[in-house]
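J.: In case you want the letters, here they are:
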Amino acid sequence: MSTTETEGRIYDVAGQDWDELVKAVSESSEERLVVNMGPQHPSTHGVLRLVLTLDGETVTEARTVIGYLHTGIEKNMEYRTWTQGVTFVTRMDYLSPIFNETAYCMGVEKLLGISDRIPERAQALRVLTMELTRISSHLVAIATFGMELGATTPMIYGFREREMVLDLMEYITGLRMNMAYVRPGGVSVDLPAGAVDKIGEFLKIMPGRIKEMRKLLDANPVYTRRTKDVAYLDLTGCMALGVTGPMLRAAGLPWDLRKSQPYCGYETYEFDVPTQNTCDVYGRYLVRMAEMEESLKIIEQALDRLSGPLKGGRVMIDDKKIGWPSQLALGPDGLGNSPDHIAHIMGSSMEALIHHFKLVTEGFRVPAGQAYASVESPRGELGAHVVSDGGTRPYRVHFRDPSFTNLQAVPATCEGGMVADVIAAVASIDPVMGGVDR
Amino acid sequence: MTTENLPGLPEEPVARRGMFGVKDSGDTSGYNRLVVRRPPKPVSSRPYGSYFDEVADALEPAFADAIERVVVDRGEVTFHVRRERLVEVMKHLRDDPALRFELSLGVSGVHYPHETGAELHAVYHLCSITHNRRIRVEVSCPDADPHIPSTVQVYPTHDWHERETYDFFGIVFDGHPALTRIEMPDDWEGHPQRKDYPLGGIPVEYRGAEVPAPDRRRSYS
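These protein sequence lines are chains A and B, in that order. Under the numbering used here, the first sequence has 401 at position 401, and the numbering climbs by one with no breaks. Under the numbering used here, the second sequence has 54 at position 54, and the numbering climbs by one with no breaks.
If you're looking for bench data, these hints aren't it; they were derived computationally from the structure. Because the structure is a prediction, the values reported are computed rather than measured. Among the hints, erroneous ones may be present.
DSSO-like mimics (lysine-lysine), calculated; alpha carbons at most 27 Å apart, straight line [claimed, not checked]:
| hint | chain 1 | residue 1 | chain 2 | residue 2 |
| --- | --- | --- | --- | --- |
| 1 | A | 311 | A | 321 |
| 2 | B | 23 | A | 321 |
| 3 | B | 195 | A | 358 |
| 4 | B | 23 | A | 358 |
Stretches of chain A that chain B covers, calculated by requiring three or more beta carbons in the stretch to come under 8 Å of a beta carbon on chain B [claimed, not checked]:
| hint | stretch |
| --- | --- |
| 5 | 381-388 |
| 6 | 396-403 |
| 7 | 424-431 |
Note that the Cβ used here is the ideal one computed from N, Cα and C, for glycine as well.
Produce the entire structure from the sequences given, and follow the hints as far as they go.
T.: Okay, here's the thing in structure tokens:
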């Protein structure tokens, strides 16, 4: 039997044949149409594939196909040391790398039993970089969302603002993305000179930019028509589907791990958890906007501490068995080096050299057991299930990525709606396929 | 020599022999006769501390025979549940007013090839928003009979998570609405996250030297 007999008539689109396609479809007697959206489609956020069954313009069935970006990160990590694992997890959800790193490092620290011994300055730096990343991630969410609905201005604005955050991240960590900045025991390097001023400037500019974006979108009639009452998912649906993050908060539940189960010292910062009770795309947009404003507040507080009471503190745990050298300076080769540390291991102490060599090549051993650590990423609860068998390499690391779980809400939010609203629904979930497929 | 008054030899399987990953040369490290055994399976006894006792109190009367052991480790509690009773236990955990674990954070698989008869584990992380608590439920099944009942009926979010665990570990979740591969292609052979599945990779030349594939490099574990 040919596929035409089993699947019905198949239409191919090869480019520049749109008229022929429309003609053929309109002449067809069949009402039911199955459309493949993606995996290569600009508005499916990376390589996401949606198989939509359409009745006219109404979606009767929406199926999600993932796996196009599976890179085996979890498996690869089992062949690297615990510290090297950071460079892998940072590449999962590439729009919020610091969150992946922090969740993983918190898991490893839990296994090592050193969670309470992480220096406060390192925790404040984690908070600072996480909140900066939250802003850049939400900016991408809103920017691409605007573009997908046909509005290019939010896209230009969002990416312009995000660039400021990425410049800051580059200045602080050395890289715009995939920075492997958070390490088990602390962070890789302290704030460089001038970073506080740069972040201070950013804090002056950013509120105005967010206001600008709000002016553009909050009451925009086209935007509200495309977003209000679209992709409805109430609290019951969110709970059943395990949906967390802005989607859950747009359904009215103020569930934010930073408040409910604080980590990295979030309990000492003052901020609010924005919620909406509209359960729709517009509510999720408002939550994201408000979260950026709250993040600015947290950044300001973290900055005050870093330049005030925590000035000059350690950024790596004071445990020679775990802590890598973190007093780095940029060397002529463009890599971070610590001249003092090199002088010590190369010039004065053979034992220090042996120790350095062992720590870097062999890595530290982590007592056997399992731990689960979670952070509130821009997309929801990001959890790391870390298992050790007592060796120098992870035995198993599993990431509970919020994008992966939230994408399960696509059928619930799209079926019965119009095909154009599928775009809005998927964009409001804000999936990052690097995190979904890992 | 009598051995009666000597402590019994540890029965746990051998995790590693020697040190520093030396395998093919003589006893250059001086540690070649070292035998490191796996730690015994941890079991915790009451009181568990924190809120764990309250959770256990609410769970144990009805499911005393369903819980194999309870482990409290590093501030987290793990309930090892028999697979036959898993769905009931999960339903109770979700619905009982004293427990109310409304939110599941999904399923994670772990492969322990050395645990004969319980090689494959499925690990569930549950969160109670009502009580602001977290617990972990762990189920195991033998490699020869890799079946665990599906919990999609209780937690619909497990749909994709169980598919992922099936894809990577080959655990068959009985009763799942559509248990197909999710990350790997449909016609893929094998389950990549199992320990007997090779990582693969090729040696890479870098500045004149050859760097072996990651799974061929020296391991210190």
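J.: Give a verdict on every hint.
T.: Each hint, compared with the structure:
Between residue 311 of chain A and residue 321 of chain A the alpha-carbon distance is near 25 Å, which keeps this suggested pair within the 27 Å criterion. A threshold of 27 Å between alpha carbons decides the hint, and for residue 23 of chain B with residue 321 of chain A the separation of about 25 Å falls inside it, so the pair holds. Straight-line distance between C-alpha atoms of residue 195 of chain B and residue 358 of chain A comes to about 26 Å, which keeps the hinted pair within the 27 Å bound. A threshold of 27 Å between alpha carbons decides the hint, and for residue 23 of chain B with residue 358 of chain A the separation of about 18 Å falls inside it, so the pair holds.
Using a Cβ-Cβ cut-off of 8 Å, 4 residues of the stretch 381-388 of chain A lie near chain B, which meets the minimum of three, so the contact claim holds. Here the stretch 396-403 of chain A counts 3 residues with a CB under 8 Å from a CB of chain B, which clears the bar of 3, and the coverage holds. With 0 residues having a beta carbon nearer than 8 Å to a beta carbon of chain B, the stretch 424-431 of chain A misses the requirement of three or more and the stated coverage is violated.
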